[in-house]
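Please model the complete structure; the sequences and the hints are all you need to start from.
Take a look at the letters that make up each chain.
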Amino acid sequence: NAGVMQNPRHLVRRRGQEARLRCSPMKGHSHVYWYRQLPEEGLKFMVYLQKENIIDESGMPKERFSAEFPKEGPSILRIQQVVRGDSAAYFCASSGTSMLEQYFGPGTRLTVT
Amino acid sequence: GEDVEQSLFLSVREGDSSVINCTYTDSSSTYLYWYKQEPGAGLQLLTYIFSNMDMKQDQRLTVLLNKKDKHLSLRIADTQTGDSAIYFCAESTEDSNYQLIWGAGTKLIIKP
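These protein sequences, in sequence, are chains B and Y. 69 is the number that our numbering gives to position 40 of the first sequence; each next residue is one higher, with no gaps. 137 is the number that our numbering gives to position 85 of the second sequence; each next residue is one higher, with no gaps.
Hints listed in this document are in silico derivations from the structure and should not be mistaken for laboratory results. Mixed in with the good hints there might be a few duds.
[Unchecked claim] On the chain B side, residues computed to face chain Y include the following (Cβ under 10 Å):
| hint | residue |
| --- | --- |
| 1 | Gly32 |
| 2 | Val33 |
| 3 | Glu70 |
| 4 | Ser124 |
| 5 | Ser127 |
| 6 | Tyr132 |
| 7 | Gly134 |
[As the list claims (entries may be wrong)] Pairwise CB distance ranges, derived in the manner of DEER restraints:
| hint | chain 1 | residue 1 | chain 2 | residue 2 | range |
| --- | --- | --- | --- | --- | --- |
| 8 | Y | Thr133 | B | Asn36 | 25 to 31 Å |
| 9 | Y | Leu113 | B | Ser116 | 29 to 35 Å |
| 10 | B | Arg43 | Y | Asp110 | 42 to 48 Å |
| 11 | Y | Asp110 | B | Gly88 | 29 to 35 Å |
By construction, the Cβ of each residue, glycine as well, lies at the ideal position given by its N, Cα and C atoms.
See the structure below:
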């Protein structure tokens, strides 16, 4: 099964630590999207990347958050100096060039204590 | 602004039809989507409809779109216990066909 993979599934960090979330897109997909889901809310777009390029980061907080999708390896969403408000489920999706169909990974549930 | 609204819960009896509703405000919607999220899992794309269509059917699923009222519905025929999940409505717009705008989800509860 070559679905979208995310790890870790659950991540606990203390305030001030760094969180690194990984996403491997579906085989053959070169477009990656990150979304954040707060409890009992819909998903909110964060960033859209292609290999080695950030295409649209309009949904990313200006500070502490960064994303990359290197030539080799998974896409990484990095949150520095985490705060309690960063606790959420972070979903990664991938698509082919049409972008009409985004396929989602199982998500990483980040808890900041 | 852009907004997608769904009721939070729907309870139906096993074997009945479920109708999950969604309203949106952006008149420049291009595609409207339904995703299913089971507990602890990611989101599964169920179906999507182009905004110029008014209906799409796929096995037990029927999507109806009333573009004038900006109302989208998902009907699940012969609802089964395996249909228990949260169902999300989402739209893409002319401004961005990848930046999906999401409702908060409707939790479908199946009564035996």
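Structure-based check of all given hints:
no.	hint	in the structure
1	Gly32	9 Å, holds
2	Val33	7 Å, holds
3	Glu70	5 Å, holds
4	Ser124	7 Å, holds
5	Ser127	9 Å, holds
6	Tyr132	7 Å, holds
7	Gly134	5 Å, holds
8	Y:Thr133 <-> B:Asn36: 25 to 31 Å	30 Å, holds
9	Y:Leu113 <-> B:Ser116: 29 to 35 Å	34 Å, holds
10	B:Arg43 <-> Y:Asp110: 42 to 48 Å	46 Å, holds
11	Y:Asp110 <-> B:Gly88: 29 to 35 Å	30 Å, holds
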